[in-house]
Amino acid sequence: MTSQFGMIGLGVMGANLALNVEEHGFSVAFWNREPERTQQFCDENRGKNFTATNTLEEFASALERPRRIMLMIKAGAPVDEVLGKLMPLLEPGDVVIDGGNSWFKETQERATRLLERGLHFVGSGVSGGEEGARFGPSLMPGGTREAWERIRDVFEAIAAKSDSGACVTYCGPDGAGHFVKMVHNGIEYGDMQLIAEAYDLLRRGLGLNAEQIADIFDEWNGGPLQSFLVEITAKIFRKRDPESDAALVDKVLDKAGQKGTGKWTAQVALDLGVPIPTIAAAIDARVLSSMKSERVLASSSLRAETGAAAAVTVQDIHDALYAAKICSYAQGFALMQAGSREWNWNLDLREIARIWKAGCIIRAKFLDSIMRAFERRADLPNLLLDEAFVIAQPAWRRAVTFAQNAGIATPAFSASLAYFDSYRTADLPQNLTQAQRDFFGAHTYQRNDRGEDAPFIHTNWSAGVPAG
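This note's numbering numbers the first residue of the sequence shown as 16 and each following residue consecutively.
Hint data in this document are derived by calculation from the structure and do not stem from the laboratory. Model, not experiment: these values are computed from the prediction. Honestly, I wouldn't trust all of these hints.
List of simulated lysine-lysine pairs, DSSO-like, C-alpha gap at most 27 Å [claimed, not checked]:
id, residue 1, residue 2
1, K89, K274
2, K270, K250
3, K254, K270
4, K278, K307
5, K254, K380
6, K100, K120
7, K89, K120
8, K278, K120
9, K89, K278
10, K100, K89
11, K266, K307
12, K266, K250
All chains, please: the whole structure from these sequences, using the hints.
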């Protein structure tokens, strides 16, 4: 008997996905680099429709044709190492799926390389962490249409389910799936930073304790901010430290890590000329948090010269969080539009919002509104232009002003507000920037009284100008 699906890698994600696939009626063969892990997994799951293999040759032989193989291993060189050993064992028509957080341009290269040998390579985003992998992730596959049709039954079976269906869709060719997952993670960075800033305003700004903040987040999770991240945040505030009985969150060192997908999002945005200031601020905030010893030193010498802080309410902070969240998602979806144009992926943004409604880390009620927005206009250039997203500007401005006057850093709140104000402004001061560029570098400019298609011209800005 041959197995219907193959899994390489039995780490947390690979093991849980294998269990998910098997529970949905598909037999699974697996191989892991460490034989002891293979044995452990077998011992833990006796009676299931699994086939353990000790070599890649044995693994390839254990699968029905055309093979469907998923790699759940560390991104980068390990993927190429395994592919190098696996490809000689495969046959035309076989499908290899990379479910890790791989750089989408590497996925494009691998797809081309495998296709030359008649093999299909799918780069698939997998979101939801350990629980999602086990009980239903959000899946973002990219590759050939033929490859998608061959894995579709498995992916639709194991994906999370929302009231809008299975949280999986065909994203597009080659690296489209990993690109979408990269942007998902960038939005996730923004979401998490905005929630952290709201927490800081409640904690340091309003003097509330963890239990009080937990109640607030529970209440917020019943309204437009309803989301997985807001839900787990309330639970985090209720967890007690077994050593001191204080709130455990107050004992956590304020140094946030990152794995690289957020940084990639910012790099690609710069390459494509798409502003994502909220996401960039979130990345900078994590980097600054890692400078703990420097910050402790600076805290003893750099004092905030604060002014009289205007009053701010819990509702103001709620409204500011919602408004800034809109901006963060607007930036992420604008980046996906730009990437789709650049690489001819034809991304369906309505579908992407749909598959993020369950299973993934940024799953939220808010995504229903984004779905409706792209139903009303598939080519919507920015979510801020949709009628559904009503922003409470006065509350947002009060929250940011309060934070600045109190010396509380809110980089993502502030960056979002600056993004909003810049986007809604018809005349920005970059006319001066362009004049400066033309002055010192002859970079030319266009006259604003002759339209955006006006010819570029250069001026000798020094000629005839009296000395100051």
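Right, here's what the structure says about each hint:
1. With a C-alpha separation of about 11 Å, the suggested pairing of K89 with K274 holds against the 27 Å cut-off.
2. A threshold of 27 Å between alpha carbons decides the hint, and for K270 with K250 the separation of about 20 Å falls inside it, so the pair holds.
3. Between K254 and K270 the CA atoms are separated by roughly 19 Å; this keeps the pair inside 27 Å, and the hint holds.
4. For the given pair, K278 sits about 20 Å from K307 by alpha-carbon distance, which is consistent with the 27 Å threshold.
5. About 25 Å separates the Cα atoms of K254 and K380, which keeps this hinted pair within 27 Å; it holds.
6. Restraint check for K100 and K120: the C-alpha separation of about 21 Å stays at or below 27 Å, so the hint holds.
7. A C-alpha spacing of about 16 Å is found between K89 and K120, which places the hinted pair at or below 27 Å, so the restraint holds.
8. Restraint check: the Cα-Cα separation between K278 and K120 comes to about 14 Å, which is no more than 27 Å; the hinted pair holds.
9. With a C-alpha separation of about 17 Å, the suggested pairing of K89 with K278 holds against the 27 Å cut-off.
10. Between K100 and K89 the alpha-carbon distance is near 16 Å, which keeps this suggested pair within the 27 Å criterion.
11. Distance hint between K266 and K307 is fulfilled; the C-alpha atoms sit about 15 Å from each other, no more than 27 Å.
12. Between K266 and K250 the alpha-carbon distance is near 15 Å, which keeps this suggested pair within the 27 Å criterion.
Checked against the numbered hints above, the structure violates none of them.
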